[in-house]
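Visitor: The chain contents come next:
Protein chains: 2
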Amino acid sequence: MWSKTVGPVVQNAIRTGSIRTYIKGEPNEPVVKTDIPGPKTKQLQNELNSIQLSGAVQLFADYNKSLGNYLVDVDSNVILDTFTQISSIPIGYNHPELLKVFTDQDNLKALVNRPALGVFPGDYWPGKLRNVLLSVSPNLPNVTTMMCGSCSNENAYKALFLTYRRKQRGENVDFTELETQSCMVNQPPGAPDLSLMSFHGAFHGRTFAALATTHSKPIHKLDVPSFDWPVASFPKYKYPLEENVRENDAEDKRCLAIVEDLIETYKKKGKPVAGIVIEPIQSEGGDNEASPFFFQQLQKIAQKNGAGYLIDEVQTGCGATGKFWAHEHFNLETTPDIVTFSKKMLTGGFFHTVDMRPSQPYRIFNTWMGDPGKIALLEAVLKVIKQDKLLDNVNKVGDKLKKGLLGLEKEFPQLLSATRGRGTFLATNVATPKLRDDIIAQMKKKGVLMGGCGDNALRLRPSLIFQERHADIFLDRFRSVLKEN
Amino acid sequence: MWSKTVGPVVQNAIRTGSIRTYIKGEPNEPVVKTDIPGPKTKQLQNELNSIQLSGAVQLFADYNKSLGNYLVDVDSNVILDTFTQISSIPIGYNHPELLKVFTDQDNLKALVNRPALGVFPGDYWPGKLRNVLLSVSPNLPNVTTMMCGSCSNENAYKALFLTYRRKQRGENVDFTELETQSCMVNQPPGAPDLSLMSFHGAFHGRTFAALATTHSKPIHKLDVPSFDWPVASFPKYKYPLEENVRENDAEDKRCLAIVEDLIETYKKKGKPVAGIVIEPIQSEGGDNEASPFFFQQLQKIAQKNGAGYLIDEVQTGCGATGKFWAHEHFNLETTPDIVTFSKKMLTGGFFHTVDMRPSQPYRIFNTWMGDPGKIALLEAVLKVIKQDKLLDNVNKVGDKLKKGLLGLEKEFPQLLSATRGRGTFLATNVATPKLRDDIIAQMKKKGVLMGGCGDNALRLRPSLIFQERHADIFLDRFRSVLKEN
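If you're matching them up, the sequences are chains A and B in order. What the first sequence shows, in my numbering, is residues 74 to 558, in sequence order. What the second sequence shows, in my numbering, is residues 74 to 558, in sequence order.
In short, the hints are calculated from the structure, not lab data. Backbone N, C-alpha and C fix where the C-beta goes; we use that ideal spot for every residue, glycine too. Please note that the accuracy of each hint is not assured.
[To be verified] Covered stretches of chain A (in silico footprint by chain B; criterion: 3 or more residues with CB under 8 Å from a CB of chain B, positions within the stretch not fixed):
(1) 112-126
(2) 256-266
(3) 291-298
(4) 368-377
(5) 391-399
(6) 534-544
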């Protein structure tokens, strides 16, 4: 039964039972039967293309057959998934606890009778917010639910602007007639000339304001009108970190000086910076990391300038870095003002300080204000994470994966460099963008789905139930692909 | 058993069985036991307020007990709902067909294993798009799914800009190096100085670009930076329409002239209009309607100027006006370029022409690109609408409601005016904003939930299963409230 492509270590481990399967019935290993995309995917892709552009489709999946860490496609290929729907599947496919959620009639009716949560919430709502979302809050007392990462950021940005203007105006000072009138035609002072600072390489979403703070790839931004907002430099480190401490420290300081300069420049320009928005690890932009020192200093600069500090944990949140929130690795002096989330959290939203609450109703508002159906699923996810100690699993498996990647980097120094990351949220650079894409394609042929990011990075985004057995399979096949290049 | 507040007509109709209940077990009439908000709502509101601003909450509902057209709150008040979660409940509460959807294992697994639909869609996806969404398309061949009304508009706006720039640049002409570089720092030409035209009184959502086209109330817009985009006048008609044909025709022409002027002004300003976005009935802005002639001419002006024509059917779509899409009342020469939807459609998204498709993948994109769980629910909704001929019901009940409102307008000319709308999507103006709010409060005391919009309008937004019996109860209680004022 063992495929020849599984290495002897894994074969032995499975044989001796030293690696147990977390999800009952999960496949033992990838099985590749056709090209990926295979014939059935290609047929469905043609069909889809008559309805919408389908150029980004990699494969059509059979979500009834997919299980645990394995995605099964319509051509019956069984694929080890280290990319998990762009990092959005928390505990694998068809987890039995998730399949049970809507057998509970309360959950089912909360899903089917989706309320306008801001106006007519269900009796269950305060309890769910407290027991589910606030149970994992990064010490922020308030939470506002949304639908996705982009709209979480858009609404959090509004909170930054509202709070900045409230303080500028003075607490309890009313809007002026001029503000009230001018905002209605998008003009200052009602629609003020304020800005948000973001970073080169950042990704915060693709709706207009989110996109104005996104600087990952031109194709994401071309042809879309934007805001003249400052873009600072995110540190670019030399690796290995421990051998480049002085250079990287200087890089932190260089970037922090740019942040301070830009705040001054935009103040003089008449577009003061109302908030600084940043990812704990720039994910789409290439898995770029920055030091705890950088994030600590950035918070101080924000505070000094009366700007809010927003940490976007849409991709980094919910455990993949080995802590529930990636910014918990930074030992910040106080909490950020806002932490946004989505993806593995299943619901969008943001945690925030009381200071970031709007003073009037209907200012941060929309019809649905989130979705109780997603909170019901998240409740099950968080229960599983706690009961099954999945953060411990992430740390253990992440350690193995990182050591494995560092070993491969040593073995193939002409191919890999700058292995980095925390938990299973790991990346390594490939010599060229083309080679990176080739390796992703070759890994797919071996039944392993990987993601790329930035110009030439490979990123690992397994779900939290990725075990050592899966790490072994991944490392084994990755090594054999590297040997072919 | 009959409450004294039910009029003799309804009592008789129910007694004689001439009014049948569509939803088995639905209450016969409203039952008010406490103030609304009642003590249990107040307690929950306090609890919620410690987690987020809860100032917009009207009541906490018991969604297990709510049924059909009746919302039951936590204080056991049984309330006839003519507002339906800000117009977002298509076929009432706990419809048996909706409760069944996720007993189907395919639907359940599509819900639980939410894919990144743009990259790894399920095998079911092209079929669901075709058989569910395209089955109600307003003759537009393409559809892109999203999560909510705001993000549907935001992404549709991107489609307008991308298409405008593609044509400006010339088909198959590549991006320039300058475009590619400048867009990354939000500057032209890559982030072009283009605009969208919207209308005073419009509501298209609250994320930044959607909000830039929204001009309903200052509280929605104050303190949020915006775009300098043109805002045209939406017709303001005199009522009754049939007695003011000449004035209203002149009003159409006045507004159309402003549209043409603004297009010229913004062209000269260096911010050409890439698209015109408009609601078929301005909903949040006051249920302002415009004539088929106005919409036809607007389309011609858009075409003449190479601007896209986007009709926002987020609130008007899915049958409430008596046609599936409100703009089908307008006999447009060709389809609009884009029609956006959400609310009663349960999923967000937009229908569009092939011309509005991006040329490259990843341009209109996000992690989830919609939610198969919502399509599964929509499939059941559309089946019910067709099987139970709910559009016929809307037209029949709408006719009764409108006649009833017009009768009350005659009976209380000092209180009501300008009764208007199509299907059950109806509104009437109240003499003053305060009186409008008072009437909503008084109706709540009689167990009927209503919505307001604009400065002084009352809007009816019942679900599609609102029957004549419910119309009778509503009209009866509305009359008794008017008599008290």
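Visitor: Does each hint hold? Answer for all of them.
Guide: These are the hints, each one checked on the structure:
1. 112-126: This one holds; 8 residues, not fewer than the three required, reach chain B with a Cβ under 8 Å.
2. 256-266: Per the Cβ count (9), the hint holds.
3. 291-298: This one holds; 8 residues, not fewer than the three required, reach chain B with a Cβ under 8 Å.
4. 368-377: violated (count 0)
5. 391-399: violated (count 0)
6. 534-544: violated (count 0)
The structure fails hints 4, 5, 6 (numbered hints given earlier, in ascending order).
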